[in-house]
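Undergrad: If you're matching positions, the sequence shown starts at 1 in UniProt numbering and goes up one per residue.
Derived from the structure by calculation, the hints contain no laboratory data.
Just to be clear, a hint being listed does not mean it is correct.
[As the list claims (entries may be wrong)] Dumping the calculated DSS-like pairs for lysine-lysine here, alpha-carbon to alpha-carbon at most 30 Å:
1. LYS238 <-> LYS200
2. LYS231 <-> LYS26
3. LYS222 <-> LYS40
4. LYS43 <-> LYS138
5. LYS65 <-> LYS167
6. LYS167 <-> LYS15
7. LYS167 <-> LYS43
All values derive from a computational prediction rather than experimental measurement.
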Amino acid sequence: MAISPAWAGDIDAKKPEGSNTGLVIKKGQKITIGASGWVKRGKEDYTLAGPQGVAGKNDGVAVLKGRIGGVEFIVGNYLIDFEAPADGELLLYIADGPTKYADNSGSFKAEVFLPAGNDGSGFEDLTNFIGNDWNNWKTGDATTRATLENSQCPSRVLQLMTYPGEKNAGTVVHKTLTGLQAGKEYHFSIVTKRIIGLYKEPRLSLEADGATIVPVTNLKEKDVWVTLTGKFIAKSDKAELKVISHESDSNGNDYQISQLKITG
């Protein structure tokens, strides 16, 4: 049986901040990362680079790097069973000079795997829609036309297209999460992006047991995966989780969700 990645997405060469995977990693936890693709660091052809380094050069300077809790490390083409150097969220980025990103182009595709039984969190509920598995998430009043669609990376996404005369604001998806420990802190995250990129921007927030844990966030850029992450304290052995849309306009306001995850 194939193992699904805990996170999969693109690392844009134009973005100094890279991509926040939303994965909360503990120091010493083992993680595996694989990456592929080509980018240009600058406009000239000779600046073509893969995750491991610049094409045609043996300088050993990896282009794809990671950061956890402010500690940087080399990723390159892959890392296998790498022990996290600190606690924090995992961020992946393309290394370049501080003022040089504007001339870059392209992106790497990366996948992150957390070995079974060594996730460092003790609890994980992951939904990535592979195999059309909704994992008990239900559509809400703002998702009358929600569909599962094929995608290059990740391979399956929940697509939300909006239409005139329909209720496009409200609950996007919701779930009663069970198996929690009362009084314990949990992290709830989604990976989402704006599509088409015209007119109104999607505006999303996250709720746990009726309380907002991620404030209203605009998805401003087209085809850029964004991770929204919040935390909550479980009141009992279950919690009501929701993704909320705050934009009712059907002009624009189209988006996808590739992953919903709770860890703790």
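Undergrad: Hint by hint, note whether the structure agrees.
TA: Consistency of the hints with the structure:
A C-alpha spacing of about 35 Å is found between LYS238 and LYS200, which places the hinted pair above 30 Å, so the restraint is violated. In summary, the hint linking LYS231 to LYS26 is supported, as the alpha carbons are separated by about 16 Å, within the 30 Å threshold. A distance of roughly 21 Å separates the Cα atoms of LYS222 and LYS40; the hinted pair therefore holds under the 30 Å criterion. A C-alpha spacing of about 46 Å is found between LYS43 and LYS138, which places the hinted pair above 30 Å, so the restraint is violated.
Under the criterion of a C-alpha separation no larger than 30 Å, the hint pairing LYS65 with LYS167 is inconsistent with the structure, at around 42 Å. A C-alpha spacing of about 35 Å is found between LYS167 and LYS15, which places the hinted pair above 30 Å, so the restraint is violated. With a CA separation close to 45 Å, the supplied pair LYS167 and LYS43 exceeds the 30 Å bound.
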